[in-house]
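Here the protein sequences line up with chains F and X, keeping their order. According to our numbering, the first sequence is numbered sequentially starting from 660. According to our numbering, the second sequence is numbered sequentially starting from 660.
For the record, the hints were derived by calculation from the structure and aren't laboratory data. It is possible that part of the hints are untrue.
Which copy? The list can't say, so a pair holds if one copy fits it or any two copies do.
The list that follows gives simulated cross-link-like pairs (lysine-lysine, DSS-like), each with its CA atoms no further than 30 Å apart [what the hints assert, rightly or not]:
#	residue 1	residue 2
1	Lys677	Lys700
2	Lys715	Lys677
3	Lys700	Lys715
There are 2 protein chains.
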Amino acid sequence: MKESGRKQGAAPPCAACKLLRRRCAQDCVFAPYFPADEPQKFANVHKVFGASNVNKMLQELPVHQRGDAVSSMVYEANARVRDPVYGCVGAISSLQQQIDALQTQLAMAQAEVVHLRQYE
Amino acid sequence: MKESGRKQGAAPPCAACKLLRRRCAQDCVFAPYFPADEPQKFANVHKVFGASNVNKMLQELPVHQRGDAVSSMVYEANARVRDPVYGCVGAISSLQQQIDALQTQLAMAQAEVVHLRQYE
Chain F
660 MKESGRKQGA
670 APPCAACKLL
680 RRRCAQDCVF
690 APYFPADEPQ
700 KFANVHKVFG
710 ASNVNKMLQE
720 LPVHQRGDAV
730 SSMVYEANAR
740 VRDPVYGCVG
750 AISSLQQQID
760 ALQTQLAMAQ
770 AEVVHLRQYE
Chain X
660 MKESGRKQGA
670 APPCAACKLL
680 RRRCAQDCVF
690 APYFPADEPQ
700 KFANVHKVFG
710 ASNVNKMLQE
720 LPVHQRGDAV
730 SSMVYEANAR
740 VRDPVYGCVG
750 AISSLQQQID
760 ALQTQLAMAQ
770 AEVVHLRQYE
């Protein structure tokens, strides 16, 4: 089930264990998702969610869903670091505004189609 | 700067201090945003972000931005509790799909308008 090719004692600790200054065990829950060469990926997740919460959230999920959970947490954490007030909720508001604008434009275009068809 | 009307010793502790079983000081950073009568609001934020991270994030913001930051964190935390794999990133994907669909519909309606105008 492990996605990394680490061998005990052979590879450097994962980015999480390195930041937390702890031994990176062979069954480390972070190692498959936080490789040593991407330290910032874990740093933001740790800053926003906290390592122990991330650990707990991953442990509560089946292994095949953990990669997606990590991706969404990394996305949320990066958004929160960029925008400490709104985080990725800022993106949601902006997408909802785009939807409102598109729905208005679509309604206008459809009304024009109906109008023009009268003269076909 | 306080938004709550608590008086020391007169009111119950805020929802955060109650959950964390600590004394709710008069300058408690959580109290204005997590009233005693909304325990679930803090419970999810604590589960997802951790009380000490929320404390740190609020302290790093000016007081006038903390209410919005709490609202967005509560939104994100509730989304993560409902959907532990995708959290509010699931909402972002779904909104983006709606935008793609609306853009396609709009392009079709606009093309039809152009076509119909040829016969005006």
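*Going through the earlier hints one by one, which of them does the structure break, listed in rising order?*
Nothing - there is no hint that the structure violates, so all of them hold.
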